[in-house]
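Chains as they are written, first to last, in UniProt numbering: chain A, 1 to 476; chain B, 1 to 476; chain C, 1 to 476; chain D, 1 to 476.
Certain hints may be false.
As the list claims (entries may be wrong) - Here are the simulated lysine-lysine pairs, PhoX-like style, with alpha carbons at most 20 Å apart:
1) C:K131 x D:K168
2) B:K168 x A:K131
3) D:K213 x A:K196
4) C:K207 x B:K207
5) A:K213 x D:K213
6) A:K207 x D:K213
7) C:K213 x B:K207
8) C:K168 x D:K131
9) A:K168 x B:K131
10) A:K207 x D:K207
11) D:K196 x A:K213
Simulated from the structure, these hints should not be mistaken for laboratory data. This structure is a prediction, so every number in the text was calculated from the model and none was measured.
There are 4 protein chains.
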Amino acid sequence: MSQTFLDRTLDNLRSAWRELRDSTVARGLGFDENENRKERWRNQIEACLARRGGAVSARARAATLGHDFLRLDEAGKKEFLHLLIAEFDVDRDRVSDVVADWTAADDVAERALLEAELRTALVPPFRSLLKEFNSLPQGVKFLVDLRADLLRWRREAPGLGILERDLKTLLAGWFDIGFLELSRITWNSPAALLEKLIAYEAVHAIKSWDDLKGRLEPDRRCFAFFHPGMPDEPLIFVEVALVNGIAGSVDDLINRDEDAVDPGHADTAIFYSISNAQAGLAGISFGDFLIKRVVAELQRDLPNLKQFSTLSPIPGFRSWMQKQVDARNRGEVTGLPAIAGASATVRANRGLPVHIEAAITDCEDLFEPQPSAERPEQVSPETREALEQLCCWYLLNARRPDSGTAFDPVAHFHLTNGARVERLNWLGNGNEAGWQQSFGMMVNYLYDLADIEKNHESYVGQGRIAASGAVKRLAR
Amino acid sequence: MSQTFLDRTLDNLRSAWRELRDSTVARGLGFDENENRKERWRNQIEACLARRGGAVSARARAATLGHDFLRLDEAGKKEFLHLLIAEFDVDRDRVSDVVADWTAADDVAERALLEAELRTALVPPFRSLLKEFNSLPQGVKFLVDLRADLLRWRREAPGLGILERDLKTLLAGWFDIGFLELSRITWNSPAALLEKLIAYEAVHAIKSWDDLKGRLEPDRRCFAFFHPGMPDEPLIFVEVALVNGIAGSVDDLINRDEDAVDPGHADTAIFYSISNAQAGLAGISFGDFLIKRVVAELQRDLPNLKQFSTLSPIPGFRSWMQKQVDARNRGEVTGLPAIAGASATVRANRGLPVHIEAAITDCEDLFEPQPSAERPEQVSPETREALEQLCCWYLLNARRPDSGTAFDPVAHFHLTNGARVERLNWLGNGNEAGWQQSFGMMVNYLYDLADIEKNHESYVGQGRIAASGAVKRLAR
Amino acid sequence: MSQTFLDRTLDNLRSAWRELRDSTVARGLGFDENENRKERWRNQIEACLARRGGAVSARARAATLGHDFLRLDEAGKKEFLHLLIAEFDVDRDRVSDVVADWTAADDVAERALLEAELRTALVPPFRSLLKEFNSLPQGVKFLVDLRADLLRWRREAPGLGILERDLKTLLAGWFDIGFLELSRITWNSPAALLEKLIAYEAVHAIKSWDDLKGRLEPDRRCFAFFHPGMPDEPLIFVEVALVNGIAGSVDDLINRDEDAVDPGHADTAIFYSISNAQAGLAGISFGDFLIKRVVAELQRDLPNLKQFSTLSPIPGFRSWMQKQVDARNRGEVTGLPAIAGASATVRANRGLPVHIEAAITDCEDLFEPQPSAERPEQVSPETREALEQLCCWYLLNARRPDSGTAFDPVAHFHLTNGARVERLNWLGNGNEAGWQQSFGMMVNYLYDLADIEKNHESYVGQGRIAASGAVKRLAR
Amino acid sequence: MSQTFLDRTLDNLRSAWRELRDSTVARGLGFDENENRKERWRNQIEACLARRGGAVSARARAATLGHDFLRLDEAGKKEFLHLLIAEFDVDRDRVSDVVADWTAADDVAERALLEAELRTALVPPFRSLLKEFNSLPQGVKFLVDLRADLLRWRREAPGLGILERDLKTLLAGWFDIGFLELSRITWNSPAALLEKLIAYEAVHAIKSWDDLKGRLEPDRRCFAFFHPGMPDEPLIFVEVALVNGIAGSVDDLINRDEDAVDPGHADTAIFYSISNAQAGLAGISFGDFLIKRVVAELQRDLPNLKQFSTLSPIPGFRSWMQKQVDARNRGEVTGLPAIAGASATVRANRGLPVHIEAAITDCEDLFEPQPSAERPEQVSPETREALEQLCCWYLLNARRPDSGTAFDPVAHFHLTNGARVERLNWLGNGNEAGWQQSFGMMVNYLYDLADIEKNHESYVGQGRIAASGAVKRLAR
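Taking the hints into account, I'd like the entire structure generated from these sequences.
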């Protein structure tokens with residue numbers, strides 16, 4: 001809807017509302033806006049769903065409701081949402097009727113018709129309303145942010161969870177990968193957009209505009225997916241360094257001491273940061289597509305590139321190890337159930353392999369109280385060796401008890417995409433966060449295009465994790 | 001998906017295919033591409049739906065299928081679609097199970113969960129596949145055109161009708177009005193776009209590039225809705241003339257004999273042509289939004305405009321009148337059932353009012369054989385008067401027997417939008433088509449913004465048709 | 001200048017003018033607009049040059065004058081221009097003074113200062129005024145068109161010639177090649193631009209929008225230079241066909257019977273039409289730059305291209321031959337002076353070589369009265385052979401008596417650019433124009449990048465014309 | 001020129017150069033790059049000016065020279081420029097000849113022709129070369145920066161001054177106001193552009209990206225002029241605050257404590273900062289056009305605006321006052337010659353008016369040693385009153401001895417543009433720079449569109465300075 005038209009309608013509705021309120025007050029009837037707002041919302045929602053005044057007016061009315069919603073405080077918003085779920089949920093009597101007809105039908109064509117009817121009956125009226133909010137000037141973003149709110153609130157009441165899941169379905173349809181546009185982001189991009197990268201970067205915080213500018217130099221690349229319904233908002237973005245040979249230290253990439261490489265001569269692209277930018281799109285996955293689209297773009301523009309690799313954190317390693325140490329301190333058998341892996345060896349032993357147990361012993365004094373080292377540089381060569389063995393073992397064997405997938409979430413993401421574990425990097429991330437996650441170690445996942453499908457199938461089908469010889473040897 | 005990536009995958013799949021075929025032939029086994037293609041499609045669809053090789057590969061595989069589909073002839077396409085509906089329809093056993101659980105559940109939260117499951121179970125796998133086709137370079141347009149095909153074929157087999165309706169649901173979600181962009185089209189627009197206007201114009205054919213240029217002069221406006229998924233394709237467009245006073249003759253507007261009006265000084269905008277451009281979006285309505293968005297745009301840019309009116313054909317009038325004449329010739333009571341209207345008077349009489357009967361008598365000799373006139377200019381003053389009365393009566397009283405809505409489809413469209421019947425124009429369209437539709441008469445529907453909601457509600461709620469005093473008088 | 005601001009100022013000036021006129025009339029003084037307009041122009045020009053009211057007002061006043069000028073008829077325009085040259089020419093007394101000082105000065109630094117002063121003194125005030133016209137909304141185009149007018153009028157009065165040459169200097173500075181932008185024109189370009197191609201095409205007339213569309217198919221290219229000061233106007237454009245092997249027939253290229261070539265696989269780019277679009281830029285040359293920029297663009301985008309060649313008309317051949325025939329008929333020695341070439345042989349003989357004389361004899365009956373053939377198809381094999389020999393000889397040897405450069409203007413253009421005469425094509429252009437120019441023959445000029453500089457130097461320095469062996473053989 | 005083409009030519013030339021060098025070294029001849037470079041430049045310049053290899057090659061050769069020049073250090077650049085002026089200056093013998101012919105000619109038409117020839121003869125060859133540098137990728141910017149260098153170096157050798165002035169003429173032609181584009185700059189502009197605002201802001205330094213963002217909020221405007229030849233570089237920009245009533249404190253505007261105003265309701269636009277961005281365009285004036293274009297834009301977009309005013313520094317006040325105090329301390333008559341104004345009264349008195357002398361006495365203890373106050377807040381009410389009187393007197397009466405124009409440069413700029421001195425603001429700029437310039441006072445210049453032309457004429461013609469009654473009273 002045009003802003004003009006919406007604004008005018010909005011103004012009309014507001015005037016009408018003020019007149020009503022004033023006349024009420026004038027008649028000495030008192031007037032409590034809050035008390036009555038629920039009634040007001042109900043009326044407006046009903047008018048909107050009944051398409052009173054025609055489709056265009058209904059759309060404008062929905063926009064008005066959206067505007068009002070945006071001005072509510074958190075309590076008000078929840079009240080509104082509760083109203084939605086309480087009074088504009090699926091009509092279960094109607095569902096019952098259609099279900100009965102469907103069960104009775106024996107002809108496929110008739111069933112097909114009734115299925116269409118059932119689908120319609122199963123769309124809750126509140127979804128029709130939510131959908132109309134996309135006519136608000138920033139309507140799509142409004143719904144994405146509403147889902148972000150609902151994700152935080154969903155445990156407070158079952159209704160909010162229902163709404164959240166329904167909204168997810170709506171958004172998943174709209175944000176189909178086919179509608180997204182891949183754009184390169186450069187230092188020539190709008191400042192208003194770059195500011196959002198600073199805000200949304202989730203892996204290696206961007207500390208200043210200078211830091212950001214360094215990440216957009218000619219030997220760097222940044223790509224993001226955008227949706228035409230919210231063109232100013234990146235959905236997900238990736239930062240890439242063009243270098244020679246696989247990079248092992250993120251500090252070197254970000255602090256840019258080394259000389260820049262001529263992009264046309266670089267042989268390796270390092271994906272060193274991938275950030276989801278929209279909390280409200282959680283569970284709607286773009287990362288796999290982003291990486292592969294960017295690989296295709298880079299191949300086309302820079303034919304010299306031979307390797308595509310990540311430089312990734314290992315967020316679960318230290319906490320996993322802490323659990324092993326704690327278990328051992330409690331006299332329990334380590335390894336299971338906490339790390340119940342899919343590997344038969346592990347299952348048979350119902351515990352960690354002996355050499356891994358030994359490695360844990362070697363590293364035990366890194367934990368509180370009185371850790372033997374507080375920075376990777378202080379770690380003794382022996383401990384370092386043990387840590388590297390342990391971490392490789394962790395990456396290849398530690399699994400989620402329920403699904404059998406890799407325990408480490410970042411590993412799981414790249415393995416699902418078909419990458420392989422390529423190289424462990426001691427001192428890959430020297431800062432405090434790196435120490436807390438993985439004693440400063442980072443790992444490269446290599447995207448070898450020839451093997452991506454095979455690796456994916458092996459991992460998803462049989463739980464096998466692809467790795468380089470070097471990593472496998474360390475894990476043994 | 002990037003073209004590059006798709007193309008490469010496509011090439012891989014084609015190579016594999018050729019190898020298979022060649023080796024088959026080499027082994028002396030014979031090879032009939034057509035015979036085996038069904039099997040091949042089945043395998044590819046299954047691989048695609050199982051996300052074999054990962055989501056990106058599945059998407060690429062879907063694109064490959066889409067490419068293949070596009071190269072099929074009509075019979076091949078239908079064969080493919082039959083395969084889809086026959087083997088990738090809803091899993092009815094699963095639906096049965098969920099329905100059983102839902103019926104057994106008594107808790108609302110549990111039911112809500114099961115409803116989500118039921119919604120998922122009701123999505124036929126073929127829809128998942130169709131959805132993935134939007135990653136084709138022109139994927140959205142591909143699906144829109146597929147639906148256009150299905151609309152033509154749907155009576156041939158029930159399955160095609162099911163597909164068509166399902167595709168409509170998918171497209172209706174994507175083409176939500178909130179995602180459309182209104183753009184003005186001018187003589188500075190790309191020729192490739194303007195060429196489509198010439199092709200799609202459905203009301204007053206554009207005869208040449210000169211004719212088109214005339215419709216884009218400074219005192220004309222043309223607006224269209226576009227969808228970001230098919231940015232080169234107008235969805236619907238409207239042609240507007242800026243004039244002084246309500247225009248009554250479309251020939252004057254198109255042939256441009258008169259001097260151009262300074263747009264800033266015009267007081268009236270005449271919407272003289274609205275064309276839907278995509279057969280595959282039939283039943284997904286944009287016209288109401290288009291008109292009102294354009295009115296808002298015009299108001300903002302040209303504050304001098306005071307009136308917004310159409311100059312519209314009356315496509316149903318002559319055929320309706322022919323029916324009356326035929327009925328009378330057969331000795332039947334005219335008026336009903338053919339024109340069963342909502343008006344109480346008409347219903348009570350179970351026939352046309354006496355003066356309308358008389359008017360029909362006056363005009364009877366316009367029909368074959370040996371019509372008394374073959375062009376509006378030849379009509380006698382008395383007959384003209386009778387025709388004008390009849391036509392006004394027709395616009396205000398002739399109704400669809402089932403719905404009670406206006407018999408004339410164009411009238412129904414504008415009345416639903418909240419317009420009123422403003423003025424009948426003798427000689428409004430002097431060409432053959434105009435004569436065939438309505439003896440050359442045209443009508444103005446006036447969009448008076450202050451009355452739009454009221455008119456809509458009256459028409460939709462009570463079937464009352466708003467009209468100017470002049471039209472009402474003529475109809476009486 | 002913003003339109004708004006200009007318009008306002010314009011309105012003010014017009015009101016003032018009307019007031020003046022009305023009061024004059026009111027006082028019974030009579031008022032002849034035409035009689036007084038010279039006085040009015042003089043006052044406005046003086047105010048403008050004196051920067052009365054400040055620089056912005058002066059610029060607005062110049063714009064007003066420009067607007068008035070545009071509304072004048074041809075006589076009025078000439079009157080205005082005569083006023084300019086008569087009263088706002090160089091101040092020759094001032095020039096005399098500076099010249100005297102310069103002559104007296106013996107120090108280089110002092111001379112340099114006086115030269116700067118002399119340059120300023122030599123700028124006629126009318127040029128300052130003309131320069132300010134570029135603030136008109138279409139100011140640069142205005143000046144370009146003004147020069148086109150002056151080119152037509154310059155023989156009428158010496159002052160107009162002075163103005164024309166001065167304007168050329170001004171435009172040459174503005175249209176420096178460094179400011180031009182090369183743009184590809186496609187079927188997606190604005191119709192308003194494509195319409196200009198149709199109007200400006202000077203070599204092979206574009207007969208319709210369909211014809212134009214054919215020239216913009218995927219295996220065709222069209223490029224134009226644009227200037228940022230008149231972004232809607234092409235300055236010069238070239239049409240290119242992507243084919244395999246050098247093309248010899250323009251009909252085949254334009255009528256498109258053959259199958260399209262995949263542009264990525266074509267090995268040859270044929271430049272078959274180059275048109276200057278702005279008469280007012282005559283003598284300011286862009287063609288050489290255009291061809292070489294386009295070659296560079298094509299090489300980058302289509303690495304498969306191996307050859308770059310024109311397919312060109314031979315506009316001077318038939319008229320040159322007519323002269324030879326006429327001379328012979330008058331019993332004169334042919335060859336000189338009409339075709340006084342640079343070649344020593346020709347000069348020594350003071351006539352055409354014997355075999356060329358013989359060839360002319362063979363072709364003589366192609367001329368009126370009673371030509372033996374009226375279309376290339378009717379020419380006998382013997383005559384054809386003689387014509388081909390003659391034409392090759394003409395291309396390589398016929399020269400302008402004054403400059404010794406190639407007699408054929410198209411040949412001169414491409415030879416100056418460093419191309420070589422590659423191949424003569426019988427039936428290259430089968431239409432009437434082709435017959436009138438060169439009995440339907442066309443010629444390819446080949447741009448071999450390795451030889452361009454050498455060819456240019458040979459031609460410009462020693463008058464040597466580069467040609468393929470085949471052409472040389474035919475000419476011998 | 002396309003980068004590609006240039007690069008290739010460049011590479012060719014470099015290869016040739018390396019070959020030459022290598023072969024020289026191989027022949028044991030020794031090779032000093034620096035020793036020979038002058039010879040090399042000379043050859044290249046000659047080749048370029050002789051258009052050797054054709055116009056396109058000459059242009060490429062010039063570009064190569066430009067590339068080489070850019071890599072030189074300051075000494076190398078000067079050496080190159082000295083070569084240019086020493087060997088490629090005007091051909092004075094040719095000028096002499098043409099001057100002699102011109103003097104001898106008595107016919108106007110002949111003189112006009114000779115003047116054209118004289119103009120050509122007066123163009124030094126080095127200018128032809130410089131002009132060709134605009135084909136470098138950033139060629140226009142290259143020349144602008146070259147002039148900035150020359151402005152710094154021009155006193156070192158007369159030749160550099162000649163070059164500088166000649167380059168100014170060239171640039172003045174190219175940067176004609178008619179070619180400039182006004183663009184609004186917002187927070188959505190490219191970061192690479194915004195970064196330049198931070199660097200170029202010359203009045204109130206932009207301290208950070210946050211500070212910059214504050215200046216681009218919805219109730220602020222920023223506009224700049226751009227030239228199509230260097231589209232990434234602002235030429236001049238202005239910052240505007242939309243407020244209610246004339247603002248007196250720049251701190252309030254920049255530090256944004258107050259609430260933002262709805263731009264549509266603001267009645268006043270305050271121009272609080274105007275910065276020239278290109279040192280190399282010094283003396284080519286855009287400020288007057290910028291202000292008036294921005295006024296026109298603002299009027300169109302925000303019809304509520306009633307007043308357009310600056311909030312300006314008074315950079316010359318304190319130094320002027322220091323001179324008065326010093327003169328008095330030396331026992332001289334104050335006022336003249338330092339402030340020789342155009343006003344008859346002042347001239348007659350050959351000194352400052354008595355009350356102004358008294359005001360200076362009242363303020364004398366603000367100067368070193370031991371100033372009585374170091375910040376505007378510490379100034380006593382009496383001294384403040386005296387300072388305000390003095391400052392108003394200064395603005396209206398202090399003049400340049402040579403030109404009689406306003407002594408204060410900012411005043412002179414706005415008065416020339418037709419503004420009037422509107423209001424003096426105590427504490428207008430509370431920071432150290434404000435104290436050093438004008439004891440923290442600032443002044444508003446009001447642009448009253450109705451009076452601009454009149455004010456300009458009065459100031460430029462009679463030296464009369466327009467001022468508000470309040471300012472005049474204070475100055476009295």
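Quick rundown of the hints versus the structure:
The suggested pairing of K131 (chain C) with K168 (chain D) holds, with an alpha-carbon distance near 17 Å, which does not exceed 20 Å. In summary, the hint linking K168 (chain B) to K131 (chain A) is supported, as the alpha carbons are separated by about 17 Å, within the 20 Å threshold. A distance of roughly 14 Å separates the Cα atoms of K213 (chain D) and K196 (chain A); the hinted pair therefore holds under the 20 Å criterion. Using a Cα cut-off of 20 Å, the hinted pair K207 (chain C) and K207 (chain B) holds, with the two alpha carbons roughly 17 Å apart.
In summary, the hint linking K213 (chain A) to K213 (chain D) is supported, as the alpha carbons are separated by about 17 Å, within the 20 Å threshold. In summary, the hint linking K207 (chain A) to K213 (chain D) is supported, as the alpha carbons are separated by about 17 Å, within the 20 Å threshold. Only pairs whose Cα atoms come within 20 Å are accepted, and K213 (chain C) paired with K207 (chain B) is accepted, the gap being roughly 17 Å. With a C-alpha separation of about 17 Å, the suggested pairing of K168 (chain C) with K131 (chain D) holds against the 20 Å cut-off.
Under the criterion of a C-alpha separation no larger than 20 Å, the hint pairing K168 (chain A) with K131 (chain B) is consistent with the structure, at around 17 Å. Straight-line distance between C-alpha atoms of K207 (chain A) and K207 (chain D) comes to about 17 Å, which keeps the hinted pair within the 20 Å bound. Pair hint K196 (chain D) plus K213 (chain A) holds up; C-alpha atoms about 14 Å apart against a cutoff of 20 Å.
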